[in-house]
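**Student:** Listed below, chain by chain, are the residues.
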Amino acid sequence: MAKQRMDGGRGRRPGVVSSAKRGGPGKGFWLALGLAAILGLGALGYLTTRPKVTATTIDPNLPPMKAEGYVLGSASAPLEVIEFADFECPGCGNFATLTEPDVRTKLVNTGKIRVRFIDYPLPMHKNTWDASLAAACANDQGKFWEMHDVIFNNQDRWNGEATGRPRPVLATLAKGIGLDMSKYDACMEADTHRAKIQSHLQEAERRQVQQTPTFIIGGKLIPGALPYDSFKKLIDEELAKAPATTDTAMKPTDARPSMELPADSSRRSPARADSSAKKAGAR
Amino acid sequence: MNKRMLVALVALAGVFIALYLTLYKLGYIGTLACAVGSCETVQTSKWATFLGFPVGAWGVAYYLAVLALALIGLTARYADSRQLSDVLLGVTGFGLLFSLWLTYLELFVIHAICQWCVVSAILAAILFVLSWLDRRDLTALIDDQAAEVAEQLREGTFGAQIRNTSEVAIRAVRREEQ
Numbered sequence: 481m482a483k484q485r486m487d488g489g490r491g492r493r494p495g496v497v498s499s500a501k502r503g504g505p506g507k508g509f510w511l512a513l514g515l516a517a518i519l520g521l522g523a524l525g526y527l528t529t530r531p532k533v534t535a536t537t538i539d540p541n542l543p544p545m546k547a548e549g550y551v552l553g554s555a556s557a558p559l560e561v562i563e564f565a566d567f568e569c570p571g572c573g574n575f576a577t578l579t580e581p582d583v584r585t586k587l588v589n590t591g592k593i594r595v596r597f598i599d600y601p602l603p604m605h606k607n608t609w610d611a612s613l614a615a616a617c618a619n620d621q622g623k624f625w626e627m628h629d630v631i632f633n634n635q636d637r638w639n640g641e642a643t644g645r646p647r648p649v650l651a652t653l654a655k656g657i658g659l660d661m662s663k664y665d666a667c668m669e670a671d672t673h674r675a676k677i678q679s680h681l682q683e684a685e686r687r688q689v690q691q692t693p694t695f696i697i698g699g700k701l702i703p704g705a706l707p708y709d710s711f712k713k714l715i716d717e718e719l720a721k722a723p724a725t726t727d728t729a730m731k732p733t734d735a736r737p738s739m740e741l742p743a744d745s746s747r748r749s750p751a752r753a754d755s756s757a758k759k760a761g762a763r
Numbered sequence: 040m041n042k043r044m045l046v047a048l049v050a051l052a053g054v055f056i057a058l059y060l061t062l063y064k065l066g067y068i069g070t071l072a073c074a075v076g077s078c079e080t081v082q083t084s085k086w087a088t089f090l091g092f093p094v095g096a097w098g099v100a101y102y103l104a105v106l107a108l109a110l111i112g113l114t115a116r117y118a119d120s121r122q123l124s125d126v127l128l129g130v131t132g133f134g135l136l137f138s139l140w141l142t143y144l145e146l147f148v149i150h151a152i153c154q155w156c157v158v159s160a161i162l163a164a165i166l167f168v169l170s171w172l173d174r175r176d177l178t179a180l181i182d183d184q185a186a187e188v189a190e191q192l193r194e195g196t197f198g199a200q201i202r203n204t205s206e207v208a209i210r211a212v213r214r215e216e217q
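In the order they appear, the protein sequences are chains A and B. When we follow the numbering used here, the leftmost residue of the first sequence carries the number 481, and every step to the right adds one. When we follow the numbering used here, the leftmost residue of the second sequence carries the number 40, and every step to the right adds one.
Okay, chain A solo, but in the shape it has when bound (with noise of 0.2 Å):
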C-alpha cells in the first residue's frame, strides 16, 4: 500500500504530501472478524452447555476387585460407590469438601448407598504418599474418614506446593483428629502400608483409572469431580435399574456403618472453609 504513491510526483501541489492513506478495512475484514466471533461464540456455548458426565461402560469381564480400601456405610445398602482419588488432587478435594458432605448425609447415612475409597496416588503429586500412609496409619485406630477429610480440607497446608516435608504438617492433623500418636508415628516411621496402597494403586491401573476423582456406580467408570446432583441422578439410576445385584462379594473389612458429619464446619480450619467457600461461589 505504502508502494502505490512510488509512480512519479509530479503535478501535485506543493506542502500537501499526498502518500496514500492506508486503506481502511473493507467488507471482507469486518466479514472475516464477525464470522470468527461467531465461531469462537458458538465453540464456548457449547463447550459450556455440554453435558459434563462422561461415563464409560466398565468392561464386564474384568476381574473383582482385590483392593480392600476403605468403606463407609452400610454393608447391606444395595449400591457400593467406588472412589479412586489421589490426596494431593484438587479435584478430589474439590469433590471432598464440597459434595462429600451431601453424599454422606443424604446417602451414605439414609443407607442407599455404603463408599469404598481406594488411593491412587498420581505421579506428579510430590507428597500424596505421605497422605495415603498417614490416612492408612489413622485407619489402624479406626479414624479413617476422620482423617480423610481433614487431609482433604487442609490440602494446602501439606500439599507439594506448600512445602517439602508433609510429614510434620499431618502428624498435626493426626493429632487434631485424637489419634494415639505414638502408635501413628511408629506406623508412618515404618513405612507399614505402604504394600496395601501400592496394590490400591495397581487396582486404579487395573481398572483402567485416567483421572482422579473416578468413580465406579454400577458398571460405570465415571471421572471428574462430580457436583452432587449429578452425582445423585446416577445413583438414583443405577438404584432403579437393580435394587438387589450388585456385588457383595466383597466383604468390607474396615466398613463403618455411617459417621456422624460435622453438621456445621467446625471440623475445618478456618483457611480452608474460606477457600472451599470461595470454590464453591466460583462455581
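If you anchor each label on the Cβ, the simulated ranges turn out as follows:
# : chain 1 : residue 1 : chain 2 : residue 2 : range
1 : B       : Phe92     : A       : Thr643    : 18 to 28 Å
2 : B       : Tyr143    : A       : Thr643    : 15 to 25 Å
3 : A       : Lys700    : B       : Asp125    : 54 to 64 Å
4 : B       : Gly91     : A       : Ser556    : 44 to 54 Å
5 : A       : Thr537    : B       : Trp155    : 22 to 32 Å
6 : B       : Phe89     : A       : Tyr526    : 20 to 30 Å
7 : A       : Gly506    : B       : Phe89     : 37 to 47 Å
8 : A       : Gly522    : B       : Phe89     : 22 to 32 Å
Bear in mind the hints are in silico, worked out from the structure with no lab data behind them. Built from N, CA and C at the ideal position, the CB exists for glycine as well.
Given chain A's structure and the hints, the job is docking chain B onto it.
**Tutor:** Relative to chain A, chain B alone:
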C-alpha cells in the same frame, strides 16, 4: 489485508482461547479432575492464578487490549500512525515475554503441558511478529512520505536553498505525525 487486520483477527482468536481457559478454571467447562501431564495439573497449580485472578482472565484482558489497539489502528485517524505501531509492538512484546515465562513454568516447574496454553503462547508469538512487521511497514510509509516531501521541496522555488532536503522532509513528516 494489512498487518493490523491480521493482528485483530489473531487477537480475537486469542480472546476466545483465553476465555475458554478462564471458564475451565472456574469450573464452567468440564469437571475438575487430575491426570498425568494434563491441563488440570497446570490449571490447579498455584501459578494458574496471578494477582488474584486466573491467568486466563489476564489473557482475556490482554487479547482484548491488542484487539482494541488493532481496531483503533485501522481507523482513518490512526491508519498512518507509527506511534500506534510502537505501542502495539510494546504490548505484544510484553505479552510474548509473559507467555514465555508461563511456558517455562509448564515445562520446567509444573512438568505438565496444557495444550490450549501452548496455543495461546503461539498466538502471542504471532502477534509480536505481526506487530513488528506492521511497524516496519509504517516506517517504510513514512520514508515514502518523506521522499515525496523532499521531492516537493527540491522542486519548489523555496527548496533550492535548503540542503539535506530529505532529512528536513523526514522531520517535517514526523512532526506532522505527532
